[in-house]
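So the chains spell out like this:
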Amino acid sequence: MTSLVQVQEIDKSFPLSGGNTYLALKGINLDIRKGEFISLIGHSGCGKSTLLNMIAGLDLPTGGTVLVDGEAVRRPGPDKMVVFQNYSLLPWLSVRENIALAVDEVMPSLARAERDAVVDEHIAMVGLGAAGHKRPGELSGGMRQRVSIARALAIKPKLLLLDEPFGALDALTRGNLQEKLMQICNEHDLTAVMVTHDVDEAVLLSDRIVMLTNGPGSMIGGILEVDIPRPRQRLTVVHHPSYYSLRSEIIYFLNRQKRVKQWQAKPHKVLARHGLEKVNLDLGFVPLAACAPLAVAEAKGFFSKHGLDEVQLVRETSWRGVTDGLVDGTLDAALMPSGMPAWMTAGGHGGAPLPVVSSLTLSRNGNGITLAKRLADEGVHNVDDYRRYLQSHQRQPHRLGIVHPASMHNLLLRYWLASHAIDPDHDVHLQTIPPAQMLADLKDGSIDGFCIGAPWLDRALADGHGFTVAGDLAIWPGHPGKVLGVREDWALAYPNTHIALTKALLEACQYCAKSSHWGEMSELLSDRRYLGMKKEVIWFSEASADGSSTVPHHLFFGKGVNRPSRSEHLWILTQLARWGEIPFPRNYVEILERICAVGVFSTAARELGLDAVSYQRGAIELFDGRPFDVDNPIDYLNAVPVHRDFSVAEIPIGVPRALAG
Amino acid sequence: MTISTNPTSSRGERTPPGVALWWKQTRKAILPPLFGIGGFLLFWQLSATLGLTKLAGPLSLFTEERTRELLFYPFFDRGGLDKGLFLHAMSSLSRVALGYTLAAVVGIAAGIAVGLNKGLDRALDPLFQFLRMVAPLAWVPIALVLFQNNQPAAIFVIFVTSIWPILINTAEGVRQIPQDYRNVALVLQMSNRNFFTKVLIPSALPYIFTGLRISIGLAWLAIIAAEIVMPGTPGIGFFIWDAYQNSYVSDIILGVIWIGAIGLILDRLMVWLQNRIAAGQ
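The listed protein sequences correspond, in order, to chains A and B. According to the working numbering, the residues represented by the first sequence are 1 to 661, in order. According to the working numbering, the residues represented by the second sequence are 1 to 281, in order.
Please keep in mind that the hints were generated in silico from the structure rather than gathered at the bench. In this text the structure is predicted, and so the values were computed from the model without any measurement. Glycine included, C-beta positions come from ideal geometry on N, C-alpha and C. Incorrect hints may have been included.
Between beta-carbon pairs, the in silico distance windows are [stated by the list, open to error]:
{"id": "1", "chain 1": "A", "residue 1": "E121", "chain 2": "B", "residue 2": "N275", "range": "54 to 64 Å"}
{"id": "2", "chain 1": "B", "residue 1": "D180", "chain 2": "A", "residue 2": "A265", "range": "29 to 39 Å"}
{"id": "3", "chain 1": "B", "residue 1": "Q176", "chain 2": "A", "residue 2": "D120", "range": "28 to 38 Å"}
{"id": "4", "chain 1": "B", "residue 1": "L127", "chain 2": "A", "residue 2": "N29", "range": "46 to 56 Å"}
{"id": "5", "chain 1": "B", "residue 1": "D180", "chain 2": "A", "residue 2": "K443", "range": "11 to 21 Å"}
{"id": "6", "chain 1": "A", "residue 1": "A72", "chain 2": "B", "residue 2": "P178", "range": "55 to 65 Å"}
{"id": "7", "chain 1": "B", "residue 1": "Q189", "chain 2": "A", "residue 2": "G45", "range": "39 to 49 Å"}
{"id": "8", "chain 1": "A", "residue 1": "E121", "chain 2": "B", "residue 2": "P152", "range": "58 to 68 Å"}
{"id": "9", "chain 1": "A", "residue 1": "G45", "chain 2": "B", "residue 2": "A261", "range": "57 to 67 Å"}
{"id": "10", "chain 1": "B", "residue 1": "D180", "chain 2": "A", "residue 2": "D120", "range": "22 to 32 Å"}
{"id": "11", "chain 1": "B", "residue 1": "D180", "chain 2": "A", "residue 2": "A171", "range": "18 to 28 Å"}
{"id": "12", "chain 1": "B", "residue 1": "S191", "chain 2": "A", "residue 2": "A171", "range": "34 to 44 Å"}
{"id": "13", "chain 1": "A", "residue 1": "P15", "chain 2": "B", "residue 2": "R122", "range": "13 to 23 Å"}
{"id": "14", "chain 1": "A", "residue 1": "Q312", "chain 2": "B", "residue 2": "P178", "range": "42 to 52 Å"}
With the hints as extra help, turn the sequences into a complete structure.
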């Protein structure tokens, strides 16, 4: 595979009125192989059409070069034919004449009859044989675009460039044309670059999808390989296992871009007040029952009570949004799965290790492993049934949904499966799916089950699509659920704010733990700002929805509930290493010391007069009774029944440093 | 097996005869203008008969013997300036044709040049905007000084009056060529000649025709002004001026009717031409 197009370090800026310049694209690098179909996707104004125009030669970059077949592009030419968004047919010429104009211009050496044959061939190719004599004004949008495509193909370009070719068409026409284009591209082994804002179109047509970040200074935010085999059919690609993950990947990217844009649109000055270094905080969360302390702290005024006047709760649709928000600094702090501080500190998110500290465990329990109802119908009622079911249905893919690799759901599910001799990587496939999508996937049978927190878990039961095969209380009662996490450099820059935030949330946790408040909390969380679902499905007590039970399922407050625990984070580190998420850190003692902001918690608890909760938990013991020796984690790792080939490595987290500014 | 007795509900069973149908369809288009014109003529005739104005009424076209002759015999030629009105109109029209053709050729060429070249546009636009405000009558003395001769001076006045709408509209038409069409030409690497004939002209054609249509009216207006002020040349303008000198009021009215009718025909002609050539855009 040789590259046909090489985009090298492209910059593009436009002069603005007033003498300034607007930097549209910055440092774009892209190699396009012969025969490849590439989509450029991004929000409007991100410069994707500009990039296309520069490949076409209609616009020249202010820095860098575009090479087509090894030659720098200096001007447009018929070897790089463009299919324009608004068709660009000449309205005074008929369909035939429009195509003939291009053919005559580009292939003057051919005889008249040969040129006519080329024109006829391409009119027939797009199925417009009967409309050859019509003017564009007499054609529908879809037909015009077909003429435009026929014109482009008739001159046999090396490279086909499409600028939102189907943007203005109705869904049915668009679908037909997409299939037609795909068929033509396959038959003629065309190389094509298409600008689009339609996620499904990009996944359907492309070999690779290039995602551009927002301007100014747009860059390539990511490139996705579409591994769906060709020839593709519009109606069958949606059943390919990659389809939805690609789709959600792009949608996540676009949403993330939108979030960053909104964040940039607001002023972000650090406001210091009441002896706190920063009182305007953006607090990330994912809508789950466990976000109750945040909602309560906001609604009951605990934030302002502790001087945090301007706390903004930012709802993310997945934990990935929380990770990215902390990485790029759009979030100050976040509700996160208890495994996330260790995971990010060890660099599990893929970037450089980013030390994240936790001063407070916000909730414990509240999870469960759910299997689809259809499995129960086939006689699967417990884990041993499930193992037998997997053995007898080996040919089918068995997917289980998790919300994040660093969440307790993943670790508990894996632990539970492994303890029952089911290898979580070989016998089943664990897939990261946003919580809100789990139910739909369970319903349509694309996953066997999931491990997830309330209220999604309860909704699956209430809707009758799933059944609980193992509750978390049966796996590890009192396991850490969600924690408060902030970047270490943030914590060092705003120490008093950190304590105030911990105090506000600890007080909220205390409020949440009272069974008399649960009804009110269900009502509060049902609001659109938080969960946006019926309050009947949000409950905090064990077992039932009627609220009569006062046995808590979620633990929000109590002895040893909230204090960050080094041994728990060590357990998490060993489990993450066990499944190959991170190498086991040789410097784990230092890492644990830095993750657990016990001092912040103790100060907060003391100032609230809640010294009693500052109590350490006992030893960790899960349902299988295997002891966890905190002094010998590597021996423990070697002893657990199923594990990946883990490595032990020093994780360079540097010295603690405060956020600049 | 239905028996329809209502002709309006089922067309084709009992259609009215041809003329009645035609009348039915066209009366709405014909009757109101007929009433309008008739009413106006009646009002005019009444006010003339009652002596409210000094202007003769429309009936004077028939009552005055001299005028009646001019009305019914437009083709006579007794030599010199004593000709039928058709011949007067023809010499005016030939003058217009010459001046207007000149204006069209120069106007379209200059318009394209200005439309394509931004620098030229900026240099000349203020001049054009200024010159087009000058009335045809004001050009007459300048033309006479310039050419020292009635015939070329008249043609110049027509030219200079009618060129501006053509020029300005052509320039605008060229400026308004959609970037899409230019991009198509760029991508296909069209030669300048092909771009000119296959993209530029067809694309700007509607604008050019708008200019031509406005100009034909202006040219016709200008000829009257030119001839009135330049006596001694045959033409419809001279005819009116001559009639005024001799106080033949009904002749003036007849001349005005000829002018209006010819102007209307010229305009319709341009519309017809425009629809034929620039159709489908």
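Here is what the structure says about each hint:
no. : hint                        : verdict
1   : A:E121 / B:N275: 54 to 64 Å : violated, 35 Å
2   : B:D180 / A:A265: 29 to 39 Å : holds, 33 Å
3   : B:Q176 / A:D120: 28 to 38 Å : holds, 34 Å
4   : B:L127 / A:N29: 46 to 56 Å  : holds, 51 Å
5   : B:D180 / A:K443: 11 to 21 Å : violated, 47 Å
6   : A:A72 / B:P178: 55 to 65 Å  : violated, 28 Å
7   : B:Q189 / A:G45: 39 to 49 Å  : violated, 30 Å
8   : A:E121 / B:P152: 58 to 68 Å : holds, 59 Å
9   : A:G45 / B:A261: 57 to 67 Å  : holds, 58 Å
10  : B:D180 / A:D120: 22 to 32 Å : holds, 25 Å
11  : B:D180 / A:A171: 18 to 28 Å : holds, 25 Å
12  : B:S191 / A:A171: 34 to 44 Å : holds, 41 Å
13  : A:P15 / B:R122: 13 to 23 Å  : holds, 19 Å
14  : A:Q312 / B:P178: 42 to 52 Å : holds, 46 Å
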